[in-house]
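As given, the protein sequences belong to chains A and E, one line each in that order.
Following this note's numbering, the numbering of the first sequence begins with 1 at its first residue and continues without gaps.
Following this note's numbering, the numbering of the second sequence begins with 1 at its first residue and continues without gaps.
Since the hints were derived computationally from the structure, they do not count as laboratory data.
Built from N, CA and C at the ideal position, the CB exists for glycine as well.
It is possible that part of the hints are untrue.
[As the list claims (entries may be wrong)] Covered stretches of chain E (chain A as the covering partner; in silico rule of three or more C-beta atoms under 8 Å from a C-beta of chain A): (1) 228-234; (2) 245-253; (3) 321-334; (4) 504-513; (5) 524-538.
[Claimed, not checked] According to the in silico footprint, chain E covers these stretches of chain A (three or more CB under 8 Å from chain E): (6) 36-47; (7) 83-89; (8) 104-111; (9) 188-199; (10) 241-253; (11) 266-280.
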Amino acid sequence: MSFRLLRVLPLAAMLAVPLHAASAQQEWENVLDEARGQTVYWHAWAGDTRVNDYLEWVKQRVRDEHEIELVHVKIDDTGAAVSRVLAEHSAGNHDGGSIDLIWLNGENFAAMKENDLLFGPFAEQLPNFALTFPEHNPEVVTDFTLPTEGYESPWGKAQLTFYYDAAELGEAPPRSMTQLLAWAEANPGRFTYPRIPDFLGSTFLKQALIALVDDSDALYEPVAQSDFEDVTAPLWEYLDALHPHLWRSGRQFPANGPELRRLMADGEVALAFTFNPAEPAAAVADFELPETTRSYVLDGGTLGNVHFVAIPFNSPRRAAAMVVADFLLSPEAQARKQDISVWGDPTVLDVTRLDAETRALFEQARDNPALLAPEALTETLPEPHPSWMTALQDAWQARYVGR
Amino acid sequence: MLRLAPWLIVILLVGPILAGLTMAVLPAFGYLPALGGHAFSLEPWRLLLAQPGLTRSVGVSFASGLITTAISLAVVLLFLAGVSGSRLDRWIRRLVAPLLSIPHAAAAFGLAFLIAPSGLLSRLVSPGLTGWERPPDVLIVQDPWGLSLMAGLIIKEIPFLLLMCLAALPQLDPERRVAMARSLGYRPTTAWLKVVTPSLYPLIRLPVFAVIAYATSVVDVALILGPTLPPTLAVSILVWFNDPDLSRRFMASAGAVLQLGVTAAALIAWWCLERLVARLGRHWLARGGRGSGDSPLRLAGKGLIGLATFTAFAGIAGLALYSIAGFWRFPDALPQGLTAAHWLRALPALAGPAATTALIAIGATLIALALTLAALENEQRTGRQPAQGRLLSALTLLYLPLIVPQIAFLFGLVVVMESLGTRPTHALVIFGHLLFVLPYVFLSLAESYRRFDPRWSQLAVSLGASRNGAFWRVRLPLLLAPLLTAAAVGLAVSIGQYLPTLLLGAGRVPTVTTEAVSLAAGGNRRVIGVWAMVQASLPLVGFVIAVGLPRLLWRNRRDMRGAP
Numbered sequence: 001m002s003f004r005l006l007r008v009l010p011l012a013a014m015l016a017v018p019l020h021a022a023s024a025q026q027e028w029e030n031v032l033d034e035a036r037g038q039t040v041y042w043h044a045w046a047g048d049t050r051v052n053d054y055l056e057w058v059k060q061r062v063r064d065e066h067e068i069e070l071v072h073v074k075i076d077d078t079g080a081a082v083s084r085v086l087a088e089h090s091a092g093n094h095d096g097g098s099i100d101l102i103w104l105n106g107e108n109f110a111a112m113k114e115n116d117l118l119f120g121p122f123a124e125q126l127p128n129f130a131l132t133f134p135e136h137n138p139e140v141v142t143d144f145t146l147p148t149e150g151y152e153s154p155w156g157k158a159q160l161t162f163y164y165d166a167a168e169l170g171e172a173p174p175r176s177m178t179q180l181l182a183w184a185e186a187n188p189g190r191f192t193y194p195r196i197p198d199f200l201g202s203t204f205l206k207q208a209l210i211a212l213v214d215d216s217d218a219l220y221e222p223v224a225q226s227d228f229e230d231v232t233a234p235l236w237e238y239l240d241a242l243h244p245h246l247w248r249s250g251r252q253f254p255a256n257g258p259e260l261r262r263l264m265a266d267g268e269v270a271l272a273f274t275f276n277p278a279e280p281a282a283a284v285a286d287f288e289l290p291e292t293t294r295s296y297v298l299d300g301g302t303l304g305n306v307h308f309v310a311i312p313f314n315s316p317r318r319a320a321a322m323v324v325a326d327f328l329l330s331p332e333a334q335a336r337k338q339d340i341s342v343w344g345d346p347t348v349l350d351v352t353r354l355d356a357e358t359r360a361l362f363e364q365a366r367d368n369p370a371l372l373a374p375e376a377l378t379e380t381l382p383e384p385h386p387s388w389m390t391a392l393q394d395a396w397q398a399r400y401v402g403r
Numbered sequence: 001m002l003r004l005a006p007w008l009i010v011i012l013l014v015g016p017i018l019a020g021l022t023m024a025v026l027p028a029f030g031y032l033p034a035l036g037g038h039a040f041s042l043e044p045w046r047l048l049l050a051q052p053g054l055t056r057s058v059g060v061s062f063a064s065g066l067i068t069t070a071i072s073l074a075v076v077l078l079f080l081a082g083v084s085g086s087r088l089d090r091w092i093r094r095l096v097a098p099l100l101s102i103p104h105a106a107a108a109f110g111l112a113f114l115i116a117p118s119g120l121l122s123r124l125v126s127p128g129l130t131g132w133e134r135p136p137d138v139l140i141v142q143d144p145w146g147l148s149l150m151a152g153l154i155i156k157e158i159p160f161l162l163l164m165c166l167a168a169l170p171q172l173d174p175e176r177r178v179a180m181a182r183s184l185g186y187r188p189t190t191a192w193l194k195v196v197t198p199s200l201y202p203l204i205r206l207p208v209f210a211v212i213a214y215a216t217s218v219v220d221v222a223l224i225l226g227p228t229l230p231p232t233l234a235v236s237i238l239v240w241f242n243d244p245d246l247s248r249r250f251m252a253s254a255g256a257v258l259q260l261g262v263t264a265a266a267l268i269a270w271w272c273l274e275r276l277v278a279r280l281g282r283h284w285l286a287r288g289g290r291g292s293g294d295s296p297l298r299l300a301g302k303g304l305i306g307l308a309t310f311t312a313f314a315g316i317a318g319l320a321l322y323s324i325a326g327f328w329r330f331p332d333a334l335p336q337g338l339t340a341a342h343w344l345r346a347l348p349a350l351a352g353p354a355a356t357t358a359l360i361a362i363g364a365t366l367i368a369l370a371l372t373l374a375a376l377e378n379e380q381r382t383g384r385q386p387a388q389g390r391l392l393s394a395l396t397l398l399y400l401p402l403i404v405p406q407i408a409f410l411f412g413l414v415v416v417m418e419s420l421g422t423r424p425t426h427a428l429v430i431f432g433h434l435l436f437v438l439p440y441v442f443l444s445l446a447e448s449y450r451r452f453d454p455r456w457s458q459l460a461v462s463l464g465a466s467r468n469g470a471f472w473r474v475r476l477p478l479l480l481a482p483l484l485t486a487a488a489v490g491l492a493v494s495i496g497q498y499l500p501t502l503l504l505g506a507g508r509v510p511t512v513t514t515e516a517v518s519l520a521a522g523g524n525r526r527v528i529g530v531w532a533m534v535q536a537s538l539p540l541v542g543f544v545i546a547v548g549l550p551r552l553l554w555r556n557r558r559d560m561r562g563a564p
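Work out the full structure: start from the sequences and follow the hints.
This is the structure:
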């Protein structure tokens, strides 16, 4: 135990105590030196070929620039990676972990942090982190209301974005939760949402809840501090009214966002939603969705959040993992990620505060009809406290499973 | 040396499973120090029993185990009873191997695309016959009763049971039995069912049990075709194990133990059914009916097996088409355009996983072959006869990895491996695959090996060859065809493994199957099509070699070329 502490002490000390600027730079140089030649195993969800292609590019770049070998460990569920770290922890493996970097946010982060499965704080030490201007953009240091405290580094943004087939809906899709119910009644079987406990499906519940409660302040405190039954009553009333008009009469739900998109592609539903604002446009380019696909955001805004990368507590190659996290925050990597032809994931950098030359990297063509207008993404609702997600999921399942 | 082989096999198979089960049982009763569980309690069980829809999950798992097995077995027996050596029969027998080589997940995706309301069948007849401009809003795939799940499993279990029956049949000499019965006036199909089935069943009982166990606890097929609200028990367990809320691990472990109980209950229920059928069957046999409904039975056998085979291949064909499809929306019967883009995009990422898959599959298969040959040769030399068909024999242990649900012991096994300090490597994954490859290789090879005419070896020894010499220079070459078939089965089993690869490899050992499943999470049918093709074609290569090589090597030795 003490031996292990001694070994990580220099790195930890350097991270915990920000010395003056020149020294910080020197310390970062040391990290870069240490990182050279290391191999980083990055566990990241791999359900999207565009994301995988982007990671392939990152792999090339960090090899060229920092002599780091990056391995994308493709997983279908981030929970599996959390599970892995946990198995290592329970087996007493405290310094030879198999995971160096995890792509995560929300519940997974909350669970790992609570169980001390994360290394940090490290985010503030990354030179490019300053470009996110956290003092002006609290969302890059807040994950579902929980302060990240430097235990994860922001990577990209997501916002609940609806999309529909204009050939069927015309130019007038439902723009609020109440309109959605009316539309579903008029068009039975043409809308659905991913089944709980899917991430996207749970987000739909939260979005509906925020729209339906009179006072949403309670949602930003732990759920234990309010009367759950009382606060969520309007939601269940709404869902009870909505379900009979859903796809398969609400007796079945798609498993996740991608399956919902496939239902759109097959023409089984006419209205759907996603967390990646560029996904509909990308799917059109991939021949999946018809060219008449259009995207929009509900009036009054939709839920948005930031996704992060974190380093498990037992990663043996933390230096290289930090360098990769820093590279992911570089304007070059962020601009490429935001490019609709690459991935289309919005940047976490505060573009308005960057110098003109860097800002130019983020200019994009706007003529794609399936793509959301950038202005639409300014209406972002913050995520409720993570405990609400769990409580809503349990309540939904108790109500609708096995009936 | 040889004498150690059976023991080695037993230790290799039983050790990891027992260790893994222990690490599942402890958390199920609240003990997992890493998560703060230091004392034993029943809390995990209380939580588990409070899960909404648990009864239904258990019910579907239990029922799909019994129904899938009953139907698959009935179809296989009816088909075999009606076999007349026609061209169609030969074709179906030849298709067994490729059918067996299609991974479960790929077959399930194929079936789902075939029968969905917006699927291939519906597209072919719409809007022409049905008038559907939009897919009808009916629940077919993932129905709450698990019917589509059972259909998907039946398609895959029929070839497995057929192969097992074909392997066991020769020692029963069915032709002479049927000839005897026919001379007494029995119609051919009835004759087969009455005189061959009662002797055949004990020989295939363990494979039947493996099918029951598999169908009650399958994960990948149930994810694609199974019910969702609630899902089957095995799928629920996987979800709980992967839940970000780490305290759910305790409940998941309790679920894993429950899964073990459900599988055991299904096996016991089947055993009771066996008794019942045996009792009823005795009357049927003794009554002496000569077979009034003979041709309907024969036709049913052929029709059903034909339907299952056709469905499997049509599903795969649909996926193949999708892998090159441009825009293709309901109700178009064909894509609007064809494109190689999906393949071109996947190709650069294919090489690595394909090589890893081959390395692991070949490694596991070679070890399995070596152990199997050593054990079988030992059996021959010591002259011990295998206790076939009896449940409490050493052979039962061989079935342990096939009968204990993967999901019940794999998570525990990971913790065990971690505490031993083993790091995820290719070797560890090969070891994990060996658990499942070894039983199949043994089962495929054992019968041919034991039936091998002992006079060949005796002759060789009498001519002065040593026993080892006779083994290497006479027995092995003569058994080349069955050896290669066993190897092909082993390769196919290894290539299809998902959970063991993922868990023991910590995701760092990417195979085509793990890649295919993680990409399938993206739901893009074109990508799924590409990877399903790759996943299905790799084992096929093994089977092509298994059939082709003996023909090439022994082109001047007709009887050594193996079965047609």
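Comparing the hints with the structure gives:
{"no.": "1", "hint": "228-234", "result": "holds (count 3)"}
{"no.": "2", "hint": "245-253", "result": "holds (count 3)"}
{"no.": "3", "hint": "321-334", "result": "holds (count 6)"}
{"no.": "4", "hint": "504-513", "result": "holds (count 4)"}
{"no.": "5", "hint": "524-538", "result": "holds (count 4)"}
{"no.": "6", "hint": "36-47", "result": "holds (count 5)"}
{"no.": "7", "hint": "83-89", "result": "holds (count 6)"}
{"no.": "8", "hint": "104-111", "result": "holds (count 5)"}
{"no.": "9", "hint": "188-199", "result": "holds (count 4)"}
{"no.": "10", "hint": "241-253", "result": "holds (count 6)"}
{"no.": "11", "hint": "266-280", "result": "holds (count 3)"}
Hint compliance for this structure: no hint is broken.
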